[in-house]
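**Q** Residue strings, one per chain:
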Amino acid sequence: AQSVTQPDIHITVSEGASLELRCNYSYGATPYLFWYVQSPGQGLQLLLKYFSGDTLVQGIKGFEAEFKRSQSSFNLRKPSVHWSDAAEYFCAVVPSGGSYIPTFGRGTSLIVHP
Amino acid sequence: EAGVAQSPRYKIIEKRQSVAFWCNPISGHATLYWYQQILGQGPKLLIQFQNNGVVDDSQLPKDRFSAERLKGVDSTLKIQPAKLEDSAVYLCASSPAGTVTGELFFGEGSRLTVL
Numbered sequence: 001a002q003s004v005t006q007p008d009i010h011i012t013v014s015e016g017a018s019l020e021l022r023c024n025y026s027y028g029a030t031p032y033l034f035w036y037v038q039s040p041g042q043g044l045q046l047l048l049k050y051f052s053g054d055t056l057v058q059g060i061k062g063f064e065a066e067f068k069r070s071q072s073s074f075n076l077r078k079p080s081v082h083w084s085d086a087a088e089y090f091c092a093v094v095p096s097g098g099s100y101i102p103t104f105g106r107g108t109s110l111i112v113h114p
Numbered sequence: 001e002a003g004v005a006q007s008p009r010y011k012i013i014e015k016r017q018s019v020a021f022w023c024n025p026i027s028g029h030a031t032l033y034w035y036q037q038i039l040g041q042g043p044k045l046l047i048q049f050q051n052n053g054v055v056d057d058s059q060l061p062k063d064r065f066s067a068e069r070l071k072g073v074d075s076t077l078k079i080q081p082a083k084l085e086d087s088a089v090y091l092c093a094s095s096p097a098g099t100v101t102g103e104l105f106f107g108e109g110s111r112l113t114v115l
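Line by line, the protein sequences are chains W and A. Numbered according to this note's numbering, the first sequence spans residues 1 to 114. Numbered according to this note's numbering, the second sequence spans residues 1 to 115.
Worth flagging that the hints you see were computed from the coordinates, not collected in a lab. Backbone N, C-alpha and C define an ideal beta-carbon position, used for all residues, glycine too. Mixed in with the good hints there might be a few duds.
Stated by the list, open to error - Selected chain A positions facing chain W (in silico; Cβ < 8 Å):
(1) Ser18
(2) Ala20
(3) Leu39
(4) Gly42
(5) Leu45
(6) Gln48
(7) Asp56
(8) Ala88
(9) Leu91
(10) Glu103
(11) Phe106
(12) Glu108
(13) Gly109
Based on the provided sequences and hints, a complete structural model is requested.
**A** Following this line, the structure appears as structure tokens:
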């Protein structure tokens, strides 16, 4: 069955430390891949996306993500976390070639310690 | 550019009552989505519109949920009668039609509490 998995429910990091949030997908063909961020009480905002080409994509707010076909993964990274990065992060996939309906993972809650 | 507008932001009702949520997408966006986000879970698609036509409503509980987008602009999502398990944030999102742009623009959501 097609699915998108975020294995970590919560991640805690210290301010200034590096961050990696995991996302794995299970689809027949490589889907389109996205990361969204949701701050408390807010809607979701797109951080970055991957359609094809360079497997390392840059996004807003200093985030980047790397697509690894062999691992069916699209992990989100940031070299130095700021306290304002505390939020919920969602990985989303859209099957390529089908109707454009994004499916979201369960989310990872990022906690930043001072 | 104005974003996606949703109202009300918060609603508390008792089970078996009805409730309606309104969404006004970004001007010119032909595609409109309603998602349900239960606490601790990712958003789950309820219905997708392309202009005023339904693209996908396979996960909409049609015995109690209904949605319309009569003029292809704003949309209303209704729940009647509500159940306890309908407590969630209802997110509206929009995107331009045509090529896959990759980005959905979300409103701030309408938080429903069913007592």
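**Q** Against each hint, give a clear statement of whether it holds in the structure.
**A** Cross-check of the supplied hints:
1. Of the supplied interface hints, the one on serine 18(A) is violated, with its beta-carbon coming no nearer than about 24 Å to a beta-carbon of chain W, more than 8 Å.
2. Interface hint status for alanine 20(A): violated, as the beta-carbon distance to the closest one in chain W is roughly 19 Å, over 8 Å.
3. A hinted interface residue such as leucine 39(A) counts as satisfied when its beta carbon comes closer than 8 Å to some beta carbon of chain W; here the least separation is about 11 Å, so the hint is violated.
4. Interface restraint check for glycine 42(A): the shortest CB-CB distance to chain W comes to about 4 Å, inside 8 Å, so the restraint holds.
5. For leucine 45(A), the interface hint holds, since its Cβ comes within 8 Å of a Cβ in chain W; the closest pair sits about 6 Å apart.
6. A distance limit of 8 Å between C-beta atoms decides the matter here; for glutamine 48(A) the minimum to chain W is near 6 Å, and the interface restraint holds.
7. Restraint check, aspartate 56(A) versus chain W: the minimum CB separation of about 6 Å is within 8 Å; hint holds.
8. With a cut of 8 Å, the hint placing alanine 88(A) at the interface with chain W is violated, because the nearest CB-to-CB distance is about 14 Å.
9. For leucine 91(A), the interface hint holds, since its Cβ comes within 8 Å of a Cβ in chain W; the closest pair sits about 6 Å apart.
10. At its closest, the beta carbon of glutamate 103(A) sits 5 Å from a beta carbon of chain W; the interface hint therefore holds under the 8 Å criterion.
11. Interface restraint check: phenylalanine 106(A) against chain W, minimum CB-CB distance 3 Å, threshold 8 Å, status holds.
12. Because the closest C-beta pair between glutamate 108(A) and chain W is about 5 Å apart, less than 8 Å, the hint holds.
13. Taking 8 Å as the C-beta contact cut-off toward chain W, the hint placing glycine 109(A) at the interface holds, the least distance being around 6 Å.
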